[in-house]
Amino acid sequence: MAERTGESPKRRFVSTTVEVEGRTEERVVEVPAFEPTPWDRDAKLTHVGARAPRVDALLKSTGRPGYTTDLQRARLAHVAFVRAPVARGRLTQIDWADVRAHPDVLDVLLHADVPARTRLFSPDITYVGQPLAAVCASTREAAERAVRAVGLRIDPLPHAVTVEAALHAEAVRPGLTNNLMQGAPRVSARGDVDRGLAEAAVTVTREVRTPCVLHSALEPHAAVAEWEGERLTVWESTQGIYRVRENLAKALGIPLTDVRVICEAMGGGFGAKNYAGAHTYAAALFARRLGRPVSCVIDRGGEQVDTGNRPSSWQRITLGATRDGRLTAIVLDATVPLGIGGWEGGPGEIFHELYACPNVRTHETFAFVNTAAMAAFRAPGHAEGAVGLEIAMNALAKALGMDPLLLRERNIATHDQKKDRPYTGNRLAECYREGARRIGWASREQQRAQAQRATPHRRRGFGVAAQVWSTGGGPPSYATVRLNTDGSADVLTGSQDLGTGTRTILAQVAAEALGHALARVRAVIGDTASGPYAGNSWGSMTVASLAPAVRMAAEDARRALLEAAAGLLAVTPDALETRDGRVCVRDTDRSMTFGEVTAKLGNVMIQGHGSRGPNPKDVGIVTTGAQFAEVDVDIETGVVKVLRVVAVHDAGRIVNPTLAESQLEGGILQGLGFALFEERRLDARLGLPLNVGLHDYKIPTIADLPRIDGHFLDGADPQANHVGARGIAEPAIIPTAPAIAGAVADALGVEVNELPLTPWRVLAALPS
Amino acid sequence: MLPPLVQLTVNGRPLAVAAPADATLLDLLRDTLALTGTKRACDRGECGACTVVRDGRPIYACLTLAHACTGHEIRSIESLGSADAPHALQSAFAAEDAAQCGFCTPGQLMAAAALLATNPDPSEDEVIAAMSGNLCRCGTYPKIVRAVRRAAATLRHADPAGPERAHG
Numbered sequence: 005m006a007e008r009t010g011e012s013p014k015r016r017f018v019s020t021t022v023e024v025e026g027r028t029e030e031r032v033v034e035v036p037a038f039e040p041t042p043w044d045r046d047a048k049l050t051h052v053g054a055r056a057p058r059v060d061a062l063l064k065s066t067g068r069p070g071y072t073t074d075l076q077r078a079r080l081a082h083v084a085f086v087r088a089p090v091a092r093g094r095l096t097q098i099d100w101a102d103v104r105a106h107p108d109v110l111d112v113l114l115h116a117d118v119p120a121r122t123r124l125f126s127p128d129i130t131y132v133g134q135p136l137a138a139v140c141a142s143t144r145e146a147a148e149r150a151v152r153a154v155g156l157r158i159d160p161l162p163h164a165v166t167v168e169a170a171l172h173a174e175a176v177r178p179g180l181t182n183n184l185m186q187g188a189p190r191v192s193a194r195g196d197v198d199r200g201l202a203e204a205a206v207t208v209t210r211e212v213r214t215p216c217v218l219h220s221a222l223e224p225h226a227a228v229a230e231w232e233g234e235r236l237t238v239w240e241s242t243q244g245i246y247r248v249r250e251n252l253a254k255a256l257g258i259p260l261t262d263v264r265v266i267c268e269a270m271g272g273g274f275g276a277k278n279y280a281g282a283h284t285y286a287a288a289l290f291a292r293r294l295g296r297p298v299s300c301v302i303d304r305g306g307e308q309v310d311t312g313n314r315p316s317s318w319q320r321i322t323l324g325a326t327r328d329g330r331l332t333a334i335v336l337d338a339t340v341p342l343g344i345g346g347w348e349g350g351p352g353e354i355f356h357e358l359y360a361c362p363n364v365r366t367h368e369t370f371a372f373v374n375t376a377a378m379a380a381f382r383a384p385g386h387a388e389g390a391v392g393l394e395i396a397m398n399a400l401a402k403a404l405g406m407d408p409l410l411l412r413e414r415n416i417a418t419h420d421q422k423k424d425r426p427y428t429g430n431r432l433a434e435c436y437r438e439g440a441r442r443i444g445w446a447s448r449e450q451q452r453a454q455a456q457r458a459t460p461h462r463r464r465g466f467g468v469a470a471q472v473w474s475t476g477g478g479p480p481s482y483a484t485v486r487l488n489t490d491g492s493a494d495v496l497t498g499s500q501d502l503g504t505g506t507r508t509i510l511a512q513v514a515a516e517a518l519g520h521a522l523a524r525v526r527a528v529i530g531d532t533a534s535g536p537y538a539g540n541s542w543g544s545m546t547v548a549s550l551a552p553a554v555r556m557a558a559e560d561a562r563r564a565l566l567e568a569a570a571g572l573l574a575v576t577p578d579a580l581e582t583r584d585g586r587v588c589v590r591d592t593d594r595s596m597t598f599g600e601v602t603a604k605l606g607n608v609m610i611q612g613h614g615s616r617g618p619n620p621k622d623v624g625i626v627t628t629g630a631q632f633a634e635v636d637v638d639i640e641t642g643v644v645k646v647l648r649v650v651a652v653h654d655a656g657r658i659v660n661p662t663l664a665e666s667q668l669e670g671g672i673l674q675g676l677g678f679a680l681f682e683e684r685r686l687d688a689r690l691g692l693p694l695n696v697g698l699h700d701y702k703i704p705t706i707a708d709l710p711r712i713d714g715h716f717l718d719g720a721d722p723q724a725n726h727v728g729a730r731g732i733a734e735p736a737i738i739p740t741a742p743a744i745a746g747a748v749a750d751a752l753g754v755e756v757n758e759l760p761l762t763p764w765r766v767l768a769a770l771p772s
Numbered sequence: 024m025l026p027p028l029v030q031l032t033v034n035g036r037p038l039a040v041a042a043p044a045d046a047t048l049l050d051l052l053r054d055t056l057a058l059t060g061t062k063r064a065c066d067r068g069e070c071g072a073c074t075v076v077r078d079g080r081p082i083y084a085c086l087t088l089a090h091a092c093t094g095h096e097i098r099s100i101e102s103l104g105s106a107d108a109p110h111a112l113q114s115a116f117a118a119e120d121a122a123q124c125g126f127c128t129p130g131q132l133m134a135a136a137a138l139l140a141t142n143p144d145p146s147e148d149e150v151i152a153a154m155s156g157n158l159c160r161c162g163t164y165p166k167i168v169r170a171v172r173r174a175a176a177t178l179r180h181a182d183p184a185g186p187e188r189a190h191g
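Chains A and B are the protein sequences, given in the same order.
Each residue of the first sequence is one higher than the one before, counting from 5 in the numbering used here.
Each residue of the second sequence is one higher than the one before, counting from 24 in the numbering used here.
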């Protein structure tokens with residue numbers, strides 16, 4: 005239980021360095037007035053760690069949880085975008101005459117009509133699919149018909165859609181001096197790789213390519229905007245209501261207090277829904293101009309073309325090792341075409357982190373090109389980098405004549421080598437052992453022989469890959485927990501539930517800390533008007549960032565409840581404890597339900613405030629794990645079938661194993677798509693995306709489902725935060741594709757080092 | 024000129040609804056009847072989020088013209104059950120955690136309902152074959168297979184006469 009003794013402690017605000025996406029920044033953080041004692045791994049917990057059903061599961065099965073795209077408002081108008089048909093050029097004229105005359109068309113927006121900060125509708129065309137103008141009509145069909153009737157006059161300009169072309173081309177967009185992110189390649193090194201390679205008994209070099217893949221959430225990006233006087237309400241399908249609110253206020257030049265953002269439910273994000281977008285601004289601007297609510301839902305073509313992607317990568321990897329398999333050097337040269345904008349996801353990061361090695365050098369060229377901008381996509385950079393690194397590790401194992409699992413076990417990074425500091429924990433060795441046991445790694449030759457006797461035209465293979473990902477989360481995050489007069493409890497916080505189960509997890513944590521029945525606790529999230537600040541649901545950090553704030557708020561409310569109940573039960577608060585919604589006098593049978601206490605209080609409100617404290621200093625917080633894949637490759641057709649994926653991860657305390665397993669399965673299935681099917685194809689001459697629907701762009705179907713055996717090591721990380729939890733969403737995807745690629749190479753005896761592993765690539769790799 | 028009428032039965036109710044000639048069944052359900060449980064995710068027959076049941080067979084509402092439904096019986100997710108009185112499939116989806124973001128879930132459920140109406144005891148392979156026209160990006164497929172088979176067992180146990188009645 006929480007400690008608070010002597011003088012009433014106060015919160016403090018201190019300046020400290022924090023890690024933000026791999027960089028360190030100076031930031032002010034709040035040190036809370038008190039922090040609950042950490043739940044260590046032996047803590048006896050009732051709700052936390054239980055397989056509680058997802059609280060909104062039944063609502064979701066009725067189709068009515070409140071998605072933005074389903075919102076109904078009286079006089080709702082609809083927006084569609086005019087998009088650029090060429091990769092680069094200058095828009096000189098738009099012919100609207102036929103469009104404006106149509107009775108269903110209400111309004112149009114051009115570059116001159118929008119605030120500069122929205123950056124909308126620039127006449128400088130820099131990629132295919134760029135919004136050039138918007139039409140608002142009384143029906144969706146009318147808006148879509150109208151944009152097809154618009155005439156465009158464009159002076160085309162030469163474009164570059166590959167890194168090679170961008171290096172030699174003029175600036176692909178205005179404002180650039182060259183086409184490299186931050187003007188130059190990013191080089192990151194420790195030790196001396198030349199010496200490391202000289203010391204190596206064995207070296208291998210591989211070239212690997214990973215495809216550009218698309219988030220493909222089933223609910224497209226969408227916003228509905230409505231003004232009441234100066235105040236704007238926006239419903240948005242988003243991973244960050246507070247960020248969208250800030251984006252809107254800045255872009256429109258209005259006070260934050262006038263902007264309310266709501267996301268009651270959303271149909272998938274995976275990294276693509278972290279900010280307000282063209283759809284948000286267009287909906288807000290039209291709604292203000294027209295004085296009626298406006299919906300902007302991106303159509304599927306626009307969704308696949310212009311809402312973000314995981315950029316492709318080319319990687320050349322050289323590894324050196326001693327005869328007994330200890331890495332002496334890791335070298336990466338990589339190029340990544342970011343699209344017209346973006347940031348350094350970077351395949352290089354994982355090369356510095358996953359394996360123990362004194363000498364590492366990564367050289368990454370991030371180029372801006374005339375295609376739509378990238379966006380974070382579940383483990384950005386790491387998912388791509390793991391493919392290259394793990395393919396090279398398999399090649400090294402082969403060159404050494406060593407079991408690829410043993411090679412990995414020899415090179416476990418026991419501390420954070422990038423920052424030269426310990427980890428709060430790294431149980432990767434246990435993940436390898438448990439995974440190997442579950443897949444039957446030691447008996448894989450027998451399994452292979454048995455399978456191939458039955459089906460001689462197929463080849464069976466096994467692969468292994470590992471992952472590391474920073475999942476400590478951190479401040480700021482806030483929560484309020486209040487008890488209603490009937491004793492039920494609300495958890496208020498400005499987070500949102502992407503489908504990960506945030507609502508359920510937060511209710512479990514609050515019920516645990518209150519000593520309440522889970523069914524009597526509800527998380528009220530997804531509304532900037534009711535919940536205090538919580539960050540974006542990204543970076544696998546929602547639980548680690550927010551659960552401690554919720555726990556603290558619940559502890560604070562519980563303390564107030566005990567103080568109130570003490571008088572009613574004629575004891576001191578320290579004689580009281582809470583259990584299953586009752587305040588009990590210790591060592592007696594006297595008790596009151598929460599509802600009996602709060603009913604006596606009337607509208608005197610019991611509420612608690614919670615904030616997320618700083619992370620511990622000088623220690624790295626990561627989730628690690630290993631995945632094993634078993635595949636069957638048909639050598640006549642080249643078709644790869646993934647039969648089995650075993651995943652074992654260490655993510656500290658698992659608040660809800662059922663939901664965690666669902667996350668794991670989701671990451672594995674997206675990794676399977678990355679390995680086998682998914683690739684945005686471009687016409688390199690025109691810069692035109694060729695597969696912009698879910699028919700030509702293949703995501704896994706239920707028929708592609710392997711047997712998935714997902715498992716988390718039992719434990720907790722009380723050093724990371726007082727709930728003991730780390731993140732899992734992104735760790736789940738990182739090892740899947742490399743494990744599958746390793747299994748395919750194992751099956752065939754030859755490597756296929758370009759993803760996706762399509763039948764034609766497999767057939768081309770086979771000796772004729 | 025008023026658009027012509029579509030005469031059809033939606034979730035047991037006979038209706039006559041004005042719809043332009045090019046309106047899809049999805050437009051009619053969502054935009055005219057405000058039955059938004061049926062989702063619009065691709066609007067081009069690629070994902071299955073708009074799956075409804077017409078005369079017992081699953082169809083993509085986005086690829087079906089509204090006027091092609093005259094004289095037909097349509098069942099959408101709104102007819103399956105409610106959070107208070109869920110259908111066995113809905114209870115099974117909840118129990119198995121077969122919905123993450125939940126956006127594809129109504130389509131998945133209607134495809135499953137059509138399957139169980141004709142096959143009360145589907146094998147894993149039969150479930151997979153029947154459900155492979157419904158995409159999920161969150162990765163609920165393992166849970167969907169289990170949920171459909173669990174619901175089938177519940178319905179067989181509860182209703183020996185067959186699941187057609189239970190589904191209706």
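Derived from the structure by calculation, the hints contain no laboratory data.
Just so you know, not all the hints are guaranteed correct.
Claimed, not checked - With a Cα cut of at most 25 angstroms, we get these calculated SDA-like pairs of lysine to any residue: (1) K702(A) <-> D148(B); (2) K645(A) <-> S146(B); (3) K702(A) <-> D107(B); (4) K645(A) <-> P26(B); (5) K645(A) <-> A44(B); (6) K645(A) <-> R169(B); (7) K645(A) <-> A152(B); (8) K702(A) <-> D144(B); (9) K702(A) <-> R67(B); (10) K645(A) <-> G35(B).
Going down the list of hints, with the structure as the test:
With a C-alpha separation of about 21 angstroms, the suggested pairing of K702(A) with D148(B) holds against the 25 angstroms cut-off. For a cut-off of 25 angstroms, the pair hint linking K645(A) to S146(B) stands: about 20 angstroms separates their Cα positions. With a CA separation close to 37 angstroms, the supplied pair K702(A) and D107(B) exceeds the 25 angstroms bound. For the given pair, K645(A) sits about 50 angstroms from P26(B) by alpha-carbon distance, which is inconsistent with the 25 angstroms threshold.
The suggested pairing of K645(A) with A44(B) is violated, with an alpha-carbon distance near 44 angstroms, which exceeds 25 angstroms. Between the alpha carbons of K645(A) and R169(B) the distance comes to roughly 21 angstroms, so the proposed pair stays at or under 25 angstroms and holds. Annotation: proposed proximity of K645(A) to A152(B) holds, straight-line Cα distance about 16 angstroms (limit 25 angstroms). About 30 angstroms separates the Cα atoms of K702(A) and D144(B), which puts this hinted pair outside 25 angstroms; it is violated.
About 15 angstroms separates the Cα atoms of K702(A) and R67(B), which keeps this hinted pair within 25 angstroms; it holds. Only pairs whose Cα atoms come within 25 angstroms are accepted, and K645(A) paired with G35(B) is rejected, the gap being roughly 43 angstroms.
Comparing the model with each numbered hint stated earlier shows that hints 3, 4, 5, 8, 10 do not hold.
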